[in-house]
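The opening residue of the sequence shown carries number 0 in numbering that gives the first Met the number 0; numbering runs sequentially from there.
Keep in mind the hints are simulated off the structure, nothing from the lab. A virtual CB, placed ideally from N, CA and C, is assigned to each residue, including glycine. Each hint should be verified, as a subset may be incorrect.
[To be verified] Each pair of labels, with its calculated beta carbon distance range:
#1 Ala62 / Val100: 33 to 43 Å
#2 Gly60 / Glu13: 16 to 26 Å
#3 Leu8 / Phe38: 27 to 37 Å
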Amino acid sequence: MLRSGSRPLFESLEAWKLAHELALRIYRETETFPLRERFGLTQQLRRAATSVPANLAEGCGRATTREYVRFCSIARGSAFEVRYHLRLAGDLGFLSAEAYVQCDDGYDRVGKMVHFLMRSLERQA
0 MLRSGSRPLF
10 ESLEAWKLAH
20 ELALRIYRET
30 ETFPLRERFG
40 LTQQLRRAAT
50 SVPANLAEGC
60 GRATTREYVR
70 FCSIARGSAF
80 EVRYHLRLAG
90 DLGFLSAEAY
100 VQCDDGYDRV
110 GKMVHFLMRS
120 LERQA
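Could you build the full structure based on these sequences and the hints that come with them?
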């Protein structure tokens, strides 16, 4: 695994740090969703939320820059998916307006950060 000092390289990425914090927040927020949504929206939202930092981490471990960019693209797509699920949860009344805005803003930031990371990687390739 690629490392920077004693930590895996992906942990030094600002996009990964924010995506990880947001995934933790999504887990906390979905704790209060209706039980009937446990295998529906709760699961979908959690999967998409964990996909963002997981794909950034996996991309860091890939052998080529091209592969890394591909995993960044998947992470960015997952960030957009989370934003839709957040909107749905808010519209269904499962998420407070404040939580929706904070999480949506966070995933908007992550998406932009990943976009710029991809552009930087493509210039290096």
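Hint-by-hint comparison with the structure:
In this structure the supplied range 33 to 43 Å holds for Ala62 paired with Val100, their Cβ-Cβ distance being about 40 Å. About 18 Å separates the C-beta atoms of Gly60 and Glu13, a value consistent with the hinted range of 16 to 26 Å. At about 35 Å, the beta-carbon gap between Leu8 and Phe38 stays in the expected band of 27 to 37 Å.
Checked against the numbered hints above, the structure breaks none of them.
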